[in-house]
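For reference, each letter of the sequence shown is one residue, going 11 to 107 in the numbering used here.
Treat the hints loosely; a few may be bogus.
What the hints assert, rightly or not - 20 Å max Cα-Cα, derived EDC-like pairs, lysine to aspartate or glutamate:
1) 101 - 16
2) 103 - 30
3) 101 - 41
4) 101 - 70
5) 103 - 16
6) 101 - 25
7) 103 - 58
8) 103 - 89
9) 101 - 30
10) 101 - 89
11) 101 - 23
Calculated directly from the structure, the hints in this document are not laboratory data.
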Amino acid sequence: MIIRAELIGNGTDNEPYSVDLPTYSNVATNETARRAFVDVPTVDVPSDVAAFVTANPVTDLVSPLPSPFPASLARSWQDHLARRYDLGSAKWKPVVA
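Just need the whole structure built from these sequences, with the hints factored in.
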């Protein structure tokens, strides 16, 4: 699933730009906007996050989302990934941006 996500990192060798997800492929990035289009395996995207992405389509890396990404969906995604990868309390913190 193609998702526009928030970039983390500062673009240095020690802290390159990335997306806080375990598995993804970069499609396009805009470091200035701190966003990337990434292809995320559907198994790593819970249905509520997939529904939000589908309901709030974006076509570029600069425009704001039609609706802000709710904190409850961010927590849902974190919990989904923690269960899927058996992380216990350690969690990725992906954000649809």
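Straight-line Cα separation of residue 101 and residue 30 no greater than 20 Å?
holds (9 Å)
Holds or violated: residue 101 and residue 16, Cα atoms, limit 20 Å.
holds (16 Å)
Is the straight-line distance between the alpha-carbon of residue 101 and that of residue 23 20 Å or less?
With a Cα-Cα distance of about 23 Å, the restraint between residue 101 and residue 23 is violated, given a limit of 20 Å.
Is residue 103 close enough to residue 89, meaning Cα to Cα at most 20 Å?
This hinted pair holds, its Cα atoms lying about 9 Å apart.
Between the alpha carbons of residue 101 and residue 89, is the straight-line distance 20 Å or under?
holds (7 Å)
Would the pair residue 101 and residue 25 pass a check requiring their Cα atoms to be no farther apart than 20 Å?
It holds: about 18 Å lies between the C-alpha atoms, which stays within 20 Å.
Going straight from one Cα to the other, do residue 103 and residue 30 come out at no more than 20 Å?
holds (6 Å)
Between residue 103 and residue 16, does the CA-CA distance stay at or below 20 Å?
holds (10 Å)
Does residue 101 pair with residue 70 here, judged by a C-alpha cut-off of 20 Å?
violated (28 Å)
With a cut-off of 20 Å on the C-alpha distance, tell me whether residue 101 and residue 41 pass.
violated (24 Å)
If you draw a straight line from the CA of residue 103 to the CA of residue 58, is it 20 Å or shorter?
holds (16 Å)
Hint compliance for this structure: hints 3, 4, 11 are broken, all remaining hints hold.
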